[in-house]
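Q: Residues in the sequence shown are numbered from 2 upward in steps of one, following my numbering.
Just so you know, the hints here were simulated from the structure itself, not pulled from any lab data.
Check before you lean on any hint, since a few could be wrong.
Simulated pairs of lysine to aspartate or glutamate, EDC-like, Cα-Cα distance not exceeding 16 Å [claimed, not checked]:
| id | residue 1 | residue 2 |
| --- | --- | --- |
| 1 | Lys58 | Glu69 |
| 2 | Lys151 | Glu69 |
| 3 | Lys58 | Glu114 |
| 4 | Lys91 | Asp103 |
| 5 | Lys122 | Glu97 |
| 6 | Lys151 | Glu75 |
| 7 | Lys76 | Glu97 |
| 8 | Lys122 | Glu75 |
| 9 | Lys91 | Glu64 |
| 10 | Lys151 | Glu114 |
| 11 | Lys58 | Glu97 |
Label-pair restraints from in silico Cβ distances [claimed, not checked]:
| id | residue 1 | residue 2 | range |
| --- | --- | --- | --- |
| 12 | Arg19 | Glu48 | 48 to 56 Å |
| 13 | Asn50 | Gln121 | 30 to 38 Å |
| 14 | Pro149 | Gln121 | 22 to 30 Å |
| 15 | Lys58 | Gly83 | 22 to 30 Å |
| 16 | Lys151 | Gln104 | 25 to 33 Å |
| 17 | Lys76 | Thr120 | 30 to 38 Å |
In this text, a Cβ means the ideal position worked out from N, Cα and C, and glycines have one as well.
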Amino acid sequence: MEFMKLVSNLKEKLQKSRQFFSHKKLINRNFILFLFLVTACTKKLPENNFNSAAWQKDSLACENNRLELLPELEKVRPELLGLRETEIQKLLGKPEATSLTDQSERIYFYYIEPGPQCTQKSYLSSANKLQVRMNSMGFVIEMNYEQPIKK
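Generate the whole structure from the sequences, applying the supplied hints.
A: The following block contains the structure:
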């Protein structure tokens, strides 16, 4: 009789441990699925001929090299939408100016032509700029020029 109780008790404990481990497997599967979705939803920098180093070297567009780089930037501009803020900074470098909107969006400004900003570094001049708008989650949602590009 006591032996039967012991066997029954062991069976019950074994069943509980199986339930625990199957629950743990489910949690692990969900975590792996979550990680996959997060990494799958992020875009990577497109492979292109855009000379990122030359763009970044021409700080504030004072050397007037950025205008020459615009045709290559234009080719990849549609692919840049949806990139994370860090990826844009890898491509274009640290922005020359930033702005925060009332919807918690950020706008990065990159000069594309020389102007008063070359002599007064902290001055936000009226020289034409590339504007990169990011939503509150840090994804690029829009890229425009402050003024139309002269061709």
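Q: Does each hint fit the structure? Answer for all of them.
A: Okay, the hints, checked on the actual structure:
The straight-line distance between the Cα atoms of Lys58 and Glu69 is roughly 13 Å, inside the 16 Å bound, and the hint therefore holds. Distance check on the hinted pair: Lys151 and Glu69 sit about 12 Å apart at the alpha-carbon level, within 16 Å; holds. For the proposed pair Lys58 and Glu114, the alpha carbon gap of about 14 Å is at most 16 Å, so the pair holds. Between Lys91 and Asp103 the CA atoms are separated by roughly 26 Å; this puts the pair beyond 16 Å, and the hint is violated.
Restraint check for Lys122 and Glu97: the C-alpha separation of about 9 Å stays at or below 16 Å, so the hint holds. Among the hinted pairs, Lys151 with Glu75 is consistent with the structure: their alpha-carbon atoms are about 14 Å apart, no more than 16 Å. Taking the CA atoms of Lys76 and Glu97, the gap is near 23 Å; set against the 16 Å cutoff, the hint is violated. For a cut-off of 16 Å, the pair hint linking Lys122 to Glu75 is broken: about 27 Å separates their Cα positions.
For a cut-off of 16 Å, the pair hint linking Lys91 to Glu64 is broken: about 21 Å separates their Cα positions. With a C-alpha separation of about 11 Å, the suggested pair Lys151 and Glu114 falls inside the 16 Å cut-off, and the hint holds. Of the pairs offered as hints, the one joining Lys58 and Glu97 holds, with about 12 Å between alpha carbons and a cut-off of 16 Å not exceeded. The supplied range of 48 to 56 Å is met by Arg19 and Glu48, whose beta-carbon atoms lie about 49 Å from each other.
Against the hinted window of 30 to 38 Å, the Cβ-Cβ separation of Asn50 and Gln121 comes to about 34 Å, which satisfies the hint. Between Pro149 and Gln121 the CB atoms are about 25 Å apart, so this pair conforms to the stated range of 22 to 30 Å. Between Lys58 and Gly83 the beta carbon distance is about 27 Å. The supplied range of 22 to 30 Å therefore holds. For Lys151 paired with Gln104, a C-beta distance near 31 Å keeps the hint of 25 to 33 Å intact.
Distance hint for Lys76 and Thr120: a CB-CB separation of about 33 Å, consistent with the stated range 30 to 38 Å.
Consistency with the previously given hints fails for numbers 4, 7, 8, 9, ordered from lowest to highest.
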